[in-house]
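K.L.:
Let the sequences and hints guide you as you build the complete structure.
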Amino acid sequence: MPPINDTFQEDPRNNSHQLSFFLVLDGYEGPIDLLLELARDQKIDLAEIAILPLAEQYLAYISRAEELDIDIAADYLVMAAWLAYLKSRLLLPEPEPDEALETLDMAEALKQQLLRLEAMRKASQDLMALPRLGRARFRSGTNWHPDRQIRIAHQASLYDLLEAYGQIAGRQDAEVLTITPSHLYSIEEAVARLSSLIKDNKGWNNLLSFLPPNLQSAFDYRSALAAHFSASLEMVRDGQAHLRQDQQFGDIYLTASEQKQP
Amino acid sequence: MSADINHYCRIIEALLFASPESMSARAIRKYLPDDADDALYDAVMAALGARYGAESGLELCQMDGHWAFRTRPDIAEHLEALRETEKPLSRAGLETLAIIAYHQPVTRAEIEEIRGVTISKGTLDILLEMGWIRPKGRKRSPGRPVTWGTSHEFLDHFGLENITDLPGLDELKRSGLLRQGAVISDFLRPADADGDEEDADGEEDGDDHD
Amino acid sequence: MSADINHYCRIIEALLFASPESMSARAIRKYLPDDADDALYDAVMAALGARYGAESGLELCQMDGHWAFRTRPDIAEHLEALRETEKPLSRAGLETLAIIAYHQPVTRAEIEEIRGVTISKGTLDILLEMGWIRPKGRKRSPGRPVTWGTSHEFLDHFGLENITDLPGLDELKRSGLLRQGAVISDFLRPADADGDEEDADGEEDGDDHD
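In order, the protein sequences belong to chains A, B and C. Counting from 1, one number per residue, gives the positions in the first sequence under this note's numbering. Counting from 263, one number per residue, gives the positions in the second sequence under this note's numbering. Counting from 473, one number per residue, gives the positions in the third sequence under this note's numbering.
Note that these hints are calculated values from the structure, not bench results. The reader is advised that the hints may include incorrect statements.
What the hints assert, rightly or not - Chain A regions said to be covered by chain C (calculated; three or more residues, Cβ under 8 Å):
1) 28-41
2) 108-119
3) 130-139
Stated by the list, open to error - Which chain C residues stay away from chain A? Per the calculated CB distances, all over 10 Å, these:
4) 521
5) 545
6) 576
7) 612
8) 628
9) 634
In this text, a Cβ means the ideal position worked out from N, Cα and C, and glycines have one as well.
P.N.:
Given below as structure tokens:
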């Protein structure tokens, strides 16, 4: 891996150029916004915009970004692919009348989308220019009914309600993700436990006597028993211990392996 | 009334309306021209006082040189009975209400299971008193517990036309209202919820809410 | 004006004068006699509106059935001292608000379609927190996505009586830009052309009751 500031030393101008370019791309609210900006450079009246040069401008913009090895968000690339396709259809004569119509529809859809976003952008400015509450119109400054409170009206907005539900759902989610308490006794734990216990307890001992104390529930007990039984089998296989059962379903006895059978 | 007096009268009217506190004469005069004499000030306040005469529900009062609009005493009695102070709904109240809205019909025990804590008696009482919830019937399970749902007032208050307008979890998540990371595919929908057979939304159990 | 109308007019005047928030018609009618008909209510509100004509610094505003006194915009320049500082909405927030206002009821997917980008978390959240938007129902399309519209608080904030008073609405309608037309993505992914990619979240709260 080359030292990080190599590129810096080689071509600092290029680097700062990349940065400004990246910021420019980053300043757009998506590909339609970028197209709108390019279209504005071309024409004041968007309704008369020429689609082919617009598509070419956009593609040039994106390919420049690619040359500079800039990360380009996926939606910009999808739009680029779409425009490249549109461009090829606009340039090549369509063999079928139906397809020629579709090409026109595509160009029209793009134009409409630009006009639509432009209209909403203007609408948002118009909205903000209205005599807004707290800016050009004011509400009553006081709620002066004083003193005695006859009735308490509880207040909550829809936002409060949705936010509360989101919190509950989120909390529930957190529990599911984080709290996974397992009372299951693992075989590894049981092997470790038994190995140390049988060294201290010479002779044959009932396997049950090796179970840990304070097993709260039947479930815990079964889990510990199963783990210890499996562990004892494993220890026999490894030559660490011997097992003995005198009759069917009878108690199982365990002893360390250096202990010779009588 | 001269145009000038009317002009300032309107401004002072709006000002006193929008100010949380009463206003001193000095503060009011800042809204008159710098060279205004006492005569203009007096004329404006007199005109405003006249505008809020006995035919109005309000009067312009001066107390210690401070001006404010006050409700006329003779209609105070009509307002008194309905005097309310507003207080935000508690967290427990909000959560309980949200669970009822989303999971209705739902029993108290189910609400507690979802919230993970018991509901104090007062919580449902407050929601009932606000008229936002109502008993919906009884669940066919041991003890036949009352189930709860939301009322028309609930829809009114929260500006919803229909209870199904409430955005789903996925929508909440995308709106940033569900702040945890992973998607919950089936959030705590009690396994048997679809199979719950409610008694008809009967009147006979309307009094029993605990 | 009949004595009765004048009497209730004074009460409602005092009530609205003191209330920073708008009051719903339902809340106002609580102050009329229980057996009052629409005619009395209409007459009272008309009389009150007439009392606060252009010669007043205040106006009686009606927003989608909610009433409030607000200072008149033509004296706004004189009341600059009252201006609240506000946290400006982001461009994404502004555009989303405009789209919801002009296209309502509109789904999230439709908003994204118009803007050409996905709505980041927090955008709808903020509009909802401002109280300006509310869910309006569900669209009859796969997944039954929630649709959004504006609230009476929106009208109040922007000084509109009705949603049809939105600036430039008629012109936009004439130009066809508010219609759901062909969009680029129709040609991108013909398979799911209607653009509604909501998960099926309509089910988890979809209990139809009432």
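K.L.:
Give a verdict on every hint.
P.N.:
Cross-check of the supplied hints:
1. Judged by the Cβ-Cβ criterion of 8 Å, the stretch 28-41 of chain A is covered by chain C as claimed, because 5 of its residues qualify and three suffice.
2. Only residues whose beta carbon comes within less than 8 Å of a beta carbon in chain C count, and the stretch 108-119 of chain A has 9; three or more means the coverage holds.
3. Residue count for the stretch 130-139 of chain A with a Cβ under 8 Å from a Cβ of chain C: 10. That meets the three needed, and the coverage hint holds.
4. For residue 521/C, the condition that its CB be more than 10 Å from all CB atoms of chain A holds, with the nearest at approximately 16 Å.
5. Its beta-carbon lying about 3 Å from the closest one in chain A, residue 545/C breaks the requirement of being farther than 10 Å from that chain.
6. Against the 10 Å criterion, residue 576/C stays outside the reach of chain A, whose nearest CB is about 13 Å from its own CB.
7. Chain A leaves residue 612/C outside its interface by the beta-carbon criterion, the shortest separation being 23 Å against a cut-off of 10 Å.
8. With a least CB separation of 6 Å from chain A, residue 628/C falls inside the 10 Å interface cut-off, contrary to its annotation.
9. Look at residue 634/C: its CB is around 13 Å from the nearest CB on chain A, clear of 10 Å, so calling it non-interface holds up.
The structure shown violates the earlier hints numbered 5 and 8.
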